[in-house]
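J.: Listed below, chain by chain, are the residues.
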Amino acid sequence: MATTRAILVDITKCIGCRSCEQACKQIHGFPMGSETKLSPTAFTVVEERGDRFVRRMCMHCQDPACASACLVGALKKTAAGPVTYDGAKCIGCRYCLVACPFSVPRYQWSKLVPYVTKCDLCAARQAKGQPPACVEACPVQASIAGDRDDILEEAQRRILNDPKYVKHIYGSDEVGGTSVFFISDVPFEKLGFVAVPKQPMPILTANALGDGPTVILVGGALLSGLYWITERRAQVALAEAQEKSAKGRG
Amino acid sequence: MTTLRKTATSGTTTGMTAARVTALEKTAAAFSKISFWRTVVAMIFAAGLYSMYARFALGFQAATNLTDPQPWGLWVGLGTLCGVGLSAGGFAIATAVYILGQERYRPILRTSVLISFLGYCTVCVGMLYELGIPWRIWHPIVMWNRHSVLFEVSWCVMLYTTVLALEFSPALVEKIPWTRARELYLRWHHSILIALVLAGTLLSSMHQSFLGGLYLITKGKLDPLWYTPYLTTMFYLSAIPAGLAVTMMAIYLCVRSLNARVDMNILSDVSRVIAPLLAIYGVFRAVDLISRDATQYLWMWREATLLFWLEIALLVVVPLVLLNLQKVRNTPLYLYWTSAVIVAGFMTNRLNVSITALQANSAVYYVPKWTEFAATLATIVAAIVAFRYAVIYLDILPKNPPRERWMVPSTPAQA
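Going down the list, the sequences are from chains E and Y.
Under our numbering, think of the first position of the first sequence as 437, with each following residue one higher.
Under our numbering, think of the first position of the second sequence as 35, with each following residue one higher.
Think of the hints as simulated: they come from the structure by calculation, not from any bench.
Ideal Cβ positions, reconstructed from N, Cα and C, are used throughout, including at glycine.
The reader is advised that the hints may include incorrect statements.
Unchecked claim - Restricting the straight-line Cα-Cα distance to at most 25 Å, the calculated cross-link-like pairs of lysine to any residue (SDA-like) are:
1) Lys634/E to Arg326/Y
2) Lys449/E to Arg594/E
3) Lys547/E to Gly93/Y
4) Lys603/E to Leu588/E
5) Lys513/E to Ile175/Y
6) Lys512/E to Val176/Y
7) Lys473/E to Ile175/Y
8) Lys512/E to Ile639/E
9) Lys512/E to Thr439/E
Said to hold, decoys possible - Examples of chain E residues toward chain Y, derived with CB under 8 Å:
10) Pro537
11) Pro633
12) Thr650
13) Val651
14) Ile652
15) Thr666
16) Ala670
Turn these sequences into a full structure, and let the hints guide you.
T.: Have a look at this one:
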């Protein structure tokens, strides 16, 4: 198995040139021009937060809520890192949009045959050994890509060696870990990062789903038992009535 | 309108030709059929037709106000969550009669199964509106993701709709004129009936709760007044009384307007079951809020809290107070309105979970487009119309003699 790929975004380095946005649009063939929010034609955007620039994109969770939510398995976490989307399976229920803790997936509301859209970490390019287009385009290496373990190590090294950094790697333990990491010198909540649960989101539904078989077994046994009692009562009542009528006649 | 024709033909001595009279009388008969409710239904259907056009020919953007932060709106909240929940009466009554041997509910068994069946049909039709690519609605049958709550829900709904169709089928098969085929089918049906009811109870219990389970993954997005690991239990506990309330309303309307002959005492019996169920639900909600330390949100001045209290008032407090009054328990009309309050409370709850309680997080204020209302309303009204004709033409409820009563109003309509 190949190594798991990941991206590190160093917010202290970003100069807000939007080269990543443009590179992303270019390789996907989207109309050029800057957008302020993620959209079906913008898989990554650079947001201005005070005097910092924050790049938004799919976090590529290790255990993604969207993939667990998708009833037909159109969304998948691949071994190489990216969370990919198979449009041919999608039925358009949009449960992934509901489930995503980072509110990343976008829907093509204006189309008659709409699909879900989001960043796929340039899975096809990475398979060929190329870095994601956005990372390649970054002139100041504010975004870097690599093996997930190496990337985490690098992030760790940076925040330990330089006191300006907030002592947290956003994505290291958020929803059980992601494949896109952010480090910053400004507290994350001030930059619009959402506070998400630390455990993987699918655990939340797995517990309930795990109850399913129990419900069937215990419930089935209980109902069968109750039905047996009901039937038995009816039989006894019938027999008693017959006995009574037999006595009455005799 | 046979009465009209009779009165008209008896007075044809004025020299008018018979043909002319027939034409006049036909027009009169046609106009006399335009009642207030028929006009309303026609208008709803017209609006529904436009919504259908908007959704399928123009797309989501033309037909809905849905956006990325609010990807599920009225069609899920009202069409699916309320549709499935309010159709819980069928499995509740079937379980009571067949499994628990509560024979006194048998007279309303068919009605409740019919309501559920039609309810699930509206849910399935609604699903076609809801899905972005509706012709792929069969995908979950072959593409499985066992980790998805929605996958389990889709399978349960699919199977349970089949169960309901089978449970209800004798009402249709009875009307088949070929004795042999009819007897054969009914005998087969009798032999699998208990299995059907058992499967129905299990499937219903599963997906009624899993509909709540859908929102377990929205931790951090859903308002703490509603988000609880016990969302599944909450949905299950509230669906049964709400489903029974719908059954009560339907029975009352059948007796009032469709000449059905039902002992109204059965409504009091059902209400005596509903009251403790609502009380259990209320206690469960309270215990849950306290144990999660969420009571601080109960007294905040904000929209979500107001909606929470509206929901609790309509679903728990008002019905419990009303059902505690003997006069209400013994008066069909009062029971009808109490049921209406329960249904309203239930709908408030489901719409809160699916829309309003997610609103603060989504930062957009979602108000459904009129076409969203019209599409759902038209589907529900279609189900009500189907219900009406089923009660009229099939043996759903015992009817007052003489049998053909509904074809002719009891007092001849003087147009």
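J.: Against the structure, test the hints numbered earlier, and report the numbers of the ones violated in rising order.
T.: 7, 12
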